[in-house]
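Visitor: Chain by chain, the residues run as shown.
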Amino acid sequence: MLVPPHGGRLIDRQYEGAEAEEIIKQVKDCKLLTLNAREKNDLKMIGSGAMSPLEGFMPRADYESVIDLMHLFSGPVWSLPVVLSHKYGDPEVSTGDHVGLKDIEGTIWGDMQIEEVFEADLMAEADKTLGTTDDSHPGVMYLKSLSGKYIGGNIRSIRRRETESFQNYRLDPRETRVLFRAKGWKTAVAFQTRNPIHRAHEYIQKCAMEIVDGLLLHPLVGETQKGDIPAEVRMRCYEEILKDYYPRTRVAMSVFPAAMRYAGPKEAVFHAILRKNYGCSHFIVGRDHAGVGNFYGTYDAQVIFDQFDPDDLGIVPLKFEHAFYCSKCGGMATPKTCAHDGQYHVFLSGKKVRAMLKEGILPPPEFTRPEIAEILMEAARKGDN
Amino acid sequence: MKGLVIWIRTEEGSDESIMDELGREIKERGGRVEVFHSEAIENLGMEKNDSAKAVACAMLASHGVVVIASGAENPSINPGEKLEIRIIEESDLHHTDIHDSFVRGLELAGLVPPPKYYVHPDEEKEILRKLQDLGYLEE
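Line by line, the protein sequences give chains A and B.
For what it's worth, my numbering labels the leading residue of the first sequence as 16, then goes sequentially.
For what it's worth, my numbering labels the leading residue of the second sequence as 870, then goes sequentially.
Bound-form chain A, shown alone (with noise of 0.2 angstroms):
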């Protein structure tokens, strides 16, 4: 039996074909409200289910639970908000108000029973959840471009597959929960990344393999900030790599549509819960996973797991040290099980490798196959990366 979602119930508020047409007609004539490109992301997951227990955007209770506590209101491990701003131009609204969520471009995505409307302290919640108030956070940026409103509430989203990239890598919670039970498999493990795969994330995901029945690949790709290796080009590297260095039956790729947030060690937990909705019993953090900048430490997001008790969290972190190959060890090791010294190690930082694709030099084997090196070189030369 597969890992029970987060909160013990898969949420199902997604609609699509004549259901979603129904919505459509309901809120018609009602107030519309806009989301932006995270909210957009947001409202899809909740209504998927990638978000459960969480049923709409949070209300001032989850809100100040999770900020303070890192807890929904009711009970449940949960690390960052997810919630809903009021826009500069959107009409006023009200509790009880029944309302349309419209992008910017004005396509209904859902509606929403608004339960709340709270004003927040949008710098508390920086510094409390991103543990900064620095403007070079790119989440602080983000939540200095908000009002400062809140509005929580139940929301129905409407599923446009049409629009969404990587059709056929789009699974949700329920398909992949039925994909690895269709496989036999009764633990998975779900590997997240915003970079192309090098041979240390293979390294890392095959030890994780060792352990579990199955890996879900699970690349983000929703909002990034610039600089990251645009999603394309990323999963491009993943097909590649898939095709002869990885069991297929053990294998399974799909993307991961929620937005960076890049509050490090919070968005860490974020992740996990997440992925535990897609049924993976285990989860992979690296180095200073979703950080950015110096803003967290090295191991924060590995040790910000310690702080709660496994049974509340539902799923197991697996903490891994930076990989490298390791010249004198004739493979793949990290510190953890390499005695030799740094000069032995081949290891690239990500602005390294772009200089070095950028002056068309491609990056040693030991750092990346061939076959990817490729792909990155391809893509910088198109302007890509």
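Derived from the structure by calculation, the hints contain no laboratory data.
All residues carry an ideal CB built from backbone N, CA and C; glycine is no exception.
Each hint should be verified, as a subset may be incorrect.
[What the hints assert, rightly or not] Listing some non-contacts, in silico: residues in chain B with all C-beta distances to chain A over 12 angstroms:
hint, residue
1, Thr879
2, Ser883
3, Gly892
4, Asn912
5, Lys917
6, Ala925
7, Ser931
8, Gly949
9, Leu952
10, Ile957
[Claimed, not checked] No farther apart than 27 angstroms at their CA atoms in a straight line, the calculated lysine-lysine pairs in the BS3-like style are these:
hint, chain 1, residue 1, chain 2, residue 2
11, B, Lys999, A, Lys258
12, A, Lys117, A, Lys46
13, B, Lys951, B, Lys871
14, A, Lys334, A, Lys397
15, A, Lys343, A, Lys221
16, A, Lys198, A, Lys102
17, B, Lys994, A, Lys201
18, B, Lys896, A, Lys201
19, B, Lys994, A, Lys198
20, A, Lys366, A, Lys334
21, A, Lys43, A, Lys164
22, A, Lys198, A, Lys221
23, B, Lys999, A, Lys198
24, A, Lys343, A, Lys367
25, A, Lys201, B, Lys999
[Said to hold, decoys possible] If you want the ones that stay clear, here's a sample from chain B, every Cβ over 12 angstroms from chain A, calculated:
hint, residue
26, Glu908
27, Leu913
28, Glu942
29, Pro944
30, Ile946
31, Ile954
32, Glu958
33, Leu962
34, Ile967
35, His968
36, Arg973
37, Glu976
Dock chain B against chain A, hints included.
Guide: Only chain B this time, still in chain A's reference frame:
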């Protein structure tokens, strides 16, 4: 789990199969269920009326059981520390959305367990087809 009486308000002499269906659904979730058919009151040697039936249901439910019964009138019992009472019209239970929302309400109140599956078996078949189409699974 707190005891629960689900009292279905019906017309006099109406079919009691709806109680069995609801009982089956809660049992499949792992709940302890007793469906209290009209003849049960006679078997207990009690007077055959809704008040006596309600009292018998309350006694049974207070042991942590979900008791489903029906009657034309509202039950003459009160909720307590060990007992919850939920009343629903039979006609409402025939509407899928009202039925689902009623059971979901019981689940959220901790009165019945959540479903054992996280994906409905009918939906699972559709998903399997999709996974085959996308190449995740062999035909």
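Visitor: So, for every hint listed, does it hold in this structure?
Guide: Hints and how they fare:
no. : hint                : verdict
1   : Thr879              : holds (30 angstroms)
2   : Ser883              : holds (32 angstroms)
3   : Gly892              : holds (21 angstroms)
4   : Asn912              : holds (37 angstroms)
5   : Lys917              : holds (40 angstroms)
6   : Ala925              : holds (32 angstroms)
7   : Ser931              : holds (25 angstroms)
8   : Gly949              : holds (24 angstroms)
9   : Leu952              : holds (23 angstroms)
10  : Ile957              : holds (21 angstroms)
11  : B:Lys999 x A:Lys258 : holds (22 angstroms)
12  : A:Lys117 x A:Lys46  : holds (10 angstroms)
13  : B:Lys951 x B:Lys871 : holds (5 angstroms)
14  : A:Lys334 x A:Lys397 : violated (36 angstroms)
15  : A:Lys343 x A:Lys221 : holds (21 angstroms)
16  : A:Lys198 x A:Lys102 : violated (45 angstroms)
17  : B:Lys994 x A:Lys201 : holds (19 angstroms)
18  : B:Lys896 x A:Lys201 : holds (25 angstroms)
19  : B:Lys994 x A:Lys198 : holds (14 angstroms)
20  : A:Lys366 x A:Lys334 : holds (24 angstroms)
21  : A:Lys43 x A:Lys164  : holds (24 angstroms)
22  : A:Lys198 x A:Lys221 : holds (18 angstroms)
23  : B:Lys999 x A:Lys198 : holds (14 angstroms)
24  : A:Lys343 x A:Lys367 : holds (23 angstroms)
25  : A:Lys201 x B:Lys999 : holds (21 angstroms)
26  : Glu908              : holds (36 angstroms)
27  : Leu913              : holds (36 angstroms)
28  : Glu942              : holds (33 angstroms)
29  : Pro944              : holds (29 angstroms)
30  : Ile946              : holds (29 angstroms)
31  : Ile954              : holds (24 angstroms)
32  : Glu958              : holds (24 angstroms)
33  : Leu962              : holds (21 angstroms)
34  : Ile967              : holds (17 angstroms)
35  : His968              : holds (16 angstroms)
36  : Arg973              : violated (9 angstroms)
37  : Glu976              : violated (7 angstroms)
Of the numbered hints listed earlier, those contradicted by the structure are 14, 16, 36 and 37.
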